[in-house]
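Going line by line, the protein sequences match chains Z and D.
Numbered continuously in the UniProt record's numbering, the first sequence closes out at residue 414.
Numbered continuously in the UniProt record's numbering, the second sequence closes out at residue 299.
Hints listed in this document are in silico derivations from the structure and should not be mistaken for laboratory results.
Being a predicted model, the structure only gives us computed values, none of them experimental.
Among the clues, some could well be false.
[Claimed, not checked] Residues from chain Z shown here face chain D by an in silico Cβ test under 7 Å; the list is partial: (1) I6; (2) V8; (3) L157; (4) K158; (5) T213; (6) S221; (7) V223; (8) T303; (9) E306; (10) L393.
[As the list claims (entries may be wrong)] Calculated Cβ distances over 10 Å to all of chain Z for the following chain D residues: (11) D71; (12) K85; (13) A261.
We treat Cβ as the ideally placed atom computed from N, Cα and C, and that holds for glycine.
If you want the building blocks of each chain, they are given just below.
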Amino acid sequence: MNKFWIIVGQVYKKNVKSMGFLSMVLSPIIILLVVAVIIYFVAQSESEIPKIAVFSDEPQVVEALTSQPHEEMTITTAYQTPQEAKADLEAEKLDGYLQLTEENGLYTGEYVYTPQSADVDIEQLTNLLSKIQLEQQTEELNLSQEAVETLLTPAQLKKTRIEFRGGGGITTTDNVEDAIKMGSAYAVGIAVFVFIMTYSSIIAEEIASEKGTRIMEVILSSVSSTVHFFGKLTGIFLICLTQIGIYAVIGLIAFQFPFVKELLAGVDVIALLKGLAGTSLVYFLFGVILYAVIAAFLGSLVTKIEDVSKAVSPIVFIALGGFYAGLFAFYSPNHLVVKVASYIPLFTPFVMPFRIASDTVSTAGIMVSVLVLLLFTLITTGVSAVLYRSNVLIYSDSGMFKTMKTSLKGLKKT
Amino acid sequence: MLEARHLTKKFGTLTAVNDVSFKINDGEILGMIGQNGAGKTTTFRLLLKFLEPDSGEVLWNGKPLTKKDYDAVGYLPEERGLYPKVTIEDQLIYFARLRGKTKKEVKPLIDEWMEKFQVKGKKSDKVKSLSKGNQQKVQLIATLLHEPKLVILDEPFSGLDPVNAGLLEEGIKELKEKGACVIFSSHNMNNVEEICDRLVMAKDGAMVLNGTIHQIREQFGRKKLFLETPKTVEELALMPGVQSVHLTRDGVKVLALQDAAYGKEIFEQVTKDGYISTFSQQPPTLEEIFKMKAGEQHE
Numbered sequence: 001m002n003k004f005w006i007i008v009g010q011v012y013k014k015n016v017k018s019m020g021f022l023s024m025v026l027s028p029i030i031i032l033l034v035v036a037v038i039i040y041f042v043a044q045s046e047s048e049i050p051k052i053a054v055f056s057d058e059p060q061v062v063e064a065l066t067s068q069p070h071e072e073m074t075i076t077t078a079y080q081t082p083q084e085a086k087a088d089l090e091a092e093k094l095d096g097y098l099q100l101t102e103e104n105g106l107y108t109g110e111y112v113y114t115p116q117s118a119d120v121d122i123e124q125l126t127n128l129l130s131k132i133q134l135e136q137q138t139e140e141l142n143l144s145q146e147a148v149e150t151l152l153t154p155a156q157l158k159k160t161r162i163e164f165r166g167g168g169g170i171t172t173t174d175n176v177e178d179a180i181k182m183g184s185a186y187a188v189g190i191a192v193f194v195f196i197m198t199y200s201s202i203i204a205e206e207i208a209s210e211k212g213t214r215i216m217e218v219i220l221s222s223v224s225s226t227v228h229f230f231g232k233l234t235g236i237f238l239i240c241l242t243q244i245g246i247y248a249v250i251g252l253i254a255f256q257f258p259f260v261k262e263l264l265a266g267v268d269v270i271a272l273l274k275g276l277a278g279t280s281l282v283y284f285l286f287g288v289i290l291y292a293v294i295a296a297f298l299g300s301l302v303t304k305i306e307d308v309s310k311a312v313s314p315i316v317f318i319a320l321g322g323f324y325a326g327l328f329a330f331y332s333p334n335h336l337v338v339k340v341a342s343y344i345p346l347f348t349p350f351v352m353p354f355r356i357a358s359d360t361v362s363t364a365g366i367m368v369s370v371l372v373l374l375l376f377t378l379i380t381t382g383v384s385a386v387l388y389r390s391n392v393l394i395y396s397d398s399g400m401f402k403t404m405k406t407s408l409k410g411l412k413k414t
Numbered sequence: 001m002l003e004a005r006h007l008t009k010k011f012g013t014l015t016a017v018n019d020v021s022f023k024i025n026d027g028e029i030l031g032m033i034g035q036n037g038a039g040k041t042t043t044f045r046l047l048l049k050f051l052e053p054d055s056g057e058v059l060w061n062g063k064p065l066t067k068k069d070y071d072a073v074g075y076l077p078e079e080r081g082l083y084p085k086v087t088i089e090d091q092l093i094y095f096a097r098l099r100g101k102t103k104k105e106v107k108p109l110i111d112e113w114m115e116k117f118q119v120k121g122k123k124s125d126k127v128k129s130l131s132k133g134n135q136q137k138v139q140l141i142a143t144l145l146h147e148p149k150l151v152i153l154d155e156p157f158s159g160l161d162p163v164n165a166g167l168l169e170e171g172i173k174e175l176k177e178k179g180a181c182v183i184f185s186s187h188n189m190n191n192v193e194e195i196c197d198r199l200v201m202a203k204d205g206a207m208v209l210n211g212t213i214h215q216i217r218e219q220f221g222r223k224k225l226f227l228e229t230p231k232t233v234e235e236l237a238l239m240p241g242v243q244s245v246h247l248t249r250d251g252v253k254v255l256a257l258q259d260a261a262y263g264k265e266i267f268e269q270v271t272k273d274g275y276i277s278t279f280s281q282q283p284p285t286l287e288e289i290f291k292m293k294a295g296e297q298h299e
């Protein structure tokens, strides 16, 4: 078998078999599950219905409030005076009481509660009172039902965006589709960041550990450094694809369960996947490759495995910058900084998906950014592969820059 | 056959290797000695094409070493290392496959080699569970498993106890019998004397000695004389050509001669009264030559 594939196979097997891979694959799922469980319990605890007492000199408002049961609270008239209610409030038998006064048909009131009380949606309470107030007012003013409705109907606004593209064609998009696009852009942003972080450190560690243990010297007396470099990259890339594949399978299986289907009922999964599978996937893959190449290069500069985290820290900062640029693009996709950042190859994978999602970039712009990203990745890979050979054989304690300098010097001579 | 021709390599102002030439025929062992920093490792790296020489060339069977020849190389770097979390068997197979062997070819050989080097541990053990000495043996197996034709060993004896050093010597001799070219570096002159056909000594990048061990020792002359005689140290010191006399713990008197030719005259004087059990006139040992050469100032 070709030596290239021997290296790919070794990298792949060694990593996939390791505990690290298992935890790497499972941890996002576990986090998702934990979040789901928390949300579930929060939703459960919210169903604790607060019990409040009401006092007023106007019996009709008390009656209107208590005449029909409310979903979110129980309103009681069991207390005669606020003092009684206060006593029960202290004993935590009551969550609060409402004292209402009326003046010229308008209600003002005070809601008294303790920090231990179950939360009462005060806005809802206000709405409830406003409704009662309105009903009483219309009755008093002898207004017809139609008149009330007319009075209450707000002005209607509809959002229609018109885009003028090349041929002058007009496209309109509705908000749901927009939200899905933004959602998938957000997912891509997070996924790019997580994958870049994980795989950058894996490949940098792979290389630095082989260099540190001098296995590198044995390997480089067996195969050329270029074969080794690309073998490592390909192996890592296959591991990355395996991880994505595992998620796809888990997703498909999960989708068979009715409660998952129910949970996702409001989301158009197909549309979401379309958003992910399109241009975003291209950005995702090239983003991971580009950062992995740089990580491999940085990993080849250090002598000891302990220095790997130091070596990859530039990547961490750049990726973090990209991630925040992406978040910024989420809110203001038309900002000049966002526009510029979306064409900088190291930021493109984070920023461009948001610009595409918000339709603030033309097809030509997308093409240009993909092309720039592609070219930059190719050039970076080429340069890294050439420098790799001299990098991995230089053992110096004087730091990465010295190594790089020595490496460049060595290159000029040959 | 490996031939190095006038290899020179400079790092900035430092000349790490200066005009080094030697030749190793098939089935020959070349020992390279020299102090730390004498340029041994750099020479090996030049042989392996890890570094490009500033001048000179390396020829393998009369042609420059190419990628194809990598399969025939067995290289043991000075600093040792294996994959700590991979089993012995898996990494031996991996390294052999990188040298163009198939899993099928080498798998049956692993047990044989582990027995030969008396590796303590099962082949399914992870390397990190082995002692340092055993790890070193595993790495030696990784270097030799694919039956290389050009074997380059950087300080293979360092860290081995005499028993294991003996096993390694046997292993190297076996390679020689199979017709491999072997070059190794060492600090330990005993190992060198035991197995080398030829010897190169490097100092500050340059070759100060080159030849067979016999040739090298003889070129220093038989100026050392080991004697067991009733004569006292003082009496011996007065004999012609004697520079100094030194009494060892075993009662052997060691004389340093001005010239080997005085030996004959001293022999006659000390045997005048009859039998003596030791009269041995020797050239300096490799170790003495090494120290002598290492101590010499660079002209």
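Status of each hint after checking the structure:
The restraint placing Z/I6 at the interface with chain D holds, with a minimum CB-CB distance near 5 Å, inside the 7 Å limit. For Z/V8, the suggested interface contact is broken, since its CB lies about 12 Å from the closest CB of chain D, more than 7 Å. Restraint check, Z/L157 versus chain D: the minimum CB separation of about 64 Å is more than 7 Å; hint violated. Given the 7 Å rule on beta carbons, the hint for Z/K158 is violated: about 63 Å separates it from the nearest Cβ of chain D.
For Z/T213, the shortest C-beta to C-beta distance to chain D is roughly 3 Å, which falls under 7 Å, so the interface hint holds. The interface hint given for Z/S221 is met, as the beta carbon of that residue sits about 4 Å from the closest beta carbon of chain D, less than 7 Å. For Z/V223, the interface hint holds, the least distance from its beta-carbon to any beta-carbon of chain D being 6 Å, beneath 7 Å. Restraint check, Z/T303 versus chain D: the minimum CB separation of about 11 Å is more than 7 Å; hint violated.
Residue-level restraint check for Z/E306 is violated (minimum Cβ-Cβ distance to chain D is 14 Å; threshold 7 Å). The interface hint given for Z/L393 is met, as the beta carbon of that residue sits about 5 Å from the closest beta carbon of chain D, less than 7 Å. For D/D71, the non-interface assignment is contradicted: its Cβ lies about 8 Å from the closest Cβ of chain Z, within the 10 Å cut-off. A beta-carbon of chain Z comes within 10 Å of the beta-carbon of D/K85; the shortest separation is about 7 Å.
Residue placement check: D/A261 keeps its beta carbon more than 10 Å from all beta carbons of chain Z (closest about 50 Å).
Going through the hint list in order, the structure does not satisfy hints 2, 3, 4, 8, 9, 11 and 12.
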